[in-house]
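Residues per chain are reported as follows:
There are 2 protein chains.
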Amino acid sequence: MGRMTIDQYRKADKLPLTVVLDNVRSQHNIGAVFRTADAMRIERVVLCGICCCPPNQELHKTALGAEESVEWIYYKDTTEAVKALQAEGYTVYAVEQAHDSMTLEEAAEQCTMHNAQFTIHNAQFTIPPKTAIVLGHEVFGVQQEVVDLCDGCIEIPQYGTKHSMNVSVTAGIVMYRLSGAMRAAEGGKS
Amino acid sequence: MGRMTIDQYRKADKLPLTVVLDNVRSQHNIGAVFRTADAMRIERVVLCGICCCPPNQELHKTALGAEESVEWIYYKDTTEAVKALQAEGYTVYAVEQAHDSMTLEEAAEQCTMHNAQFTIHNAQFTIPPKTAIVLGHEVFGVQQEVVDLCDGCIEIPQYGTKHSMNVSVTAGIVMYRLSGAMRAAEGGKS
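Taken in sequence, the protein lines are chains A and B.
Residues are numbered in the numbering used here as their position in the first sequence, beginning at 1, plus a constant of 185.
Residues are numbered in the numbering used here as their position in the second sequence, beginning at 1, plus a constant of 185.
No lab work stands behind these hints: they were computed from the structure.
Any given hint could be a false lead.
All copies of an identical chain are treated as equivalent in the list; a pair is satisfied when it fits inside any one copy or across any two copies.
Here are the computed lysine-lysine pairs in the BS3-like style, where the Cα-Cα straight-line distance is at most 27 Å [said to hold, decoys possible]:
{"id": "1", "residue 1": "347", "residue 2": "199"}
{"id": "2", "residue 1": "261", "residue 2": "315"}
{"id": "3", "residue 1": "347", "residue 2": "315"}
{"id": "4", "residue 1": "196", "residue 2": "347"}
{"id": "5", "residue 1": "315", "residue 2": "196"}
{"id": "6", "residue 1": "199", "residue 2": "268"}
{"id": "7", "residue 1": "347", "residue 2": "261"}
{"id": "8", "residue 1": "268", "residue 2": "347"}
{"id": "9", "residue 1": "315", "residue 2": "246"}
Here the structure is a predicted model, which is why all the values come from computation and not from measurement.
Let's have the full structure, built from the sequences with the hints guiding it.
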């Protein structure tokens, strides 16, 4: 598959997956999230609170131009961002370890299960559910009031000494897995 | 599941998955790889060429101590590292886009398919195949002579304008997926 130009990218169909960054401190992490969002062709990055916004030189160093292709929007208050997404029909998950969190694999299965099937002019279409994931600050994670607003929590099972990974790595793993589930449901549509 | 101490971690069973870093430039990226390696409890990180080694202050900033829990070794020459792993029975994959690369999902299936089944004292054990993945320099990728030595290439399908993601994000996605396949084959053993 060839590379797309930024114009082609903007016009192309995106997966209905939105990444919300709740007060992520590091410009490098935000840049890396943009780069993964471009690669997975998801629809939008929502920057909240202390997150830096494009244009920004440090962000550009890791985004390498993906901040031009991927749509983004800024909210001062993350709770407003979550409410707006829910009003648009999104299921919003905080990526956090919580008592009732589901694993990423369970979340991917849900994504596939909740696909809507449509038949238009005898052609079958599968529409994945509108999904948003919220990732939090490098040290403090997703704010509790944001977690409380969300429709659930997704957790990546961890087996080590730390119980936390870098936020751009975590975002990348969740984006890969959920976008893969959405694409599989769409029958491999890219 | 509670957090382990570094001592408990060192004594615990690891998945037979090794990550080889072929001349990765950024200390932050190397640190983030250590942190994911700790979380997935894989056995080893192999640092090659210009990669910095612990103890290193910049590396520590992103590894946050995972460089203490995860075993590592240094090779000046990446080809020597790959040859040594192959001599130990590892299948070594470069994470690179190539004509004959398999997708990460195909690689995960292979991991599961090649599990060895053992029965000892009427208890069944499943041993995942020894697997190593090689990730390359931020700009130049894995060296061609290293790719040529490897047993195959693994590629993460990408749909955007860039066709490359941050190396620590890429490493994280591949570690998550392959270690997940190994754990599923082991029947959820953590």
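Verification of the supplied hints:
1. 347 x 199: between (34 Å within a copy, 15 Å between copies)
2. 261 x 315: within (23 Å within a copy, 48 Å between copies)
3. 347 x 315: This pair counts as between: shortest inter-copy Cα distance 25 Å, intra-copy 32 Å.
4. 196 x 347: between (41 Å within a copy, 16 Å between copies)
5. 315 x 196: within (19 Å within a copy, 43 Å between copies)
6. 199 x 268: within (22 Å within a copy, 42 Å between copies)
7. 347 x 261: neither (30 Å within a copy, 29 Å between copies)
8. 268 x 347: neither (32 Å within a copy, 32 Å between copies)
9. 315 x 246: So residue 315 and residue 246 fail the 27 Å test inside a copy (30 Å) and across (36 Å) alike.
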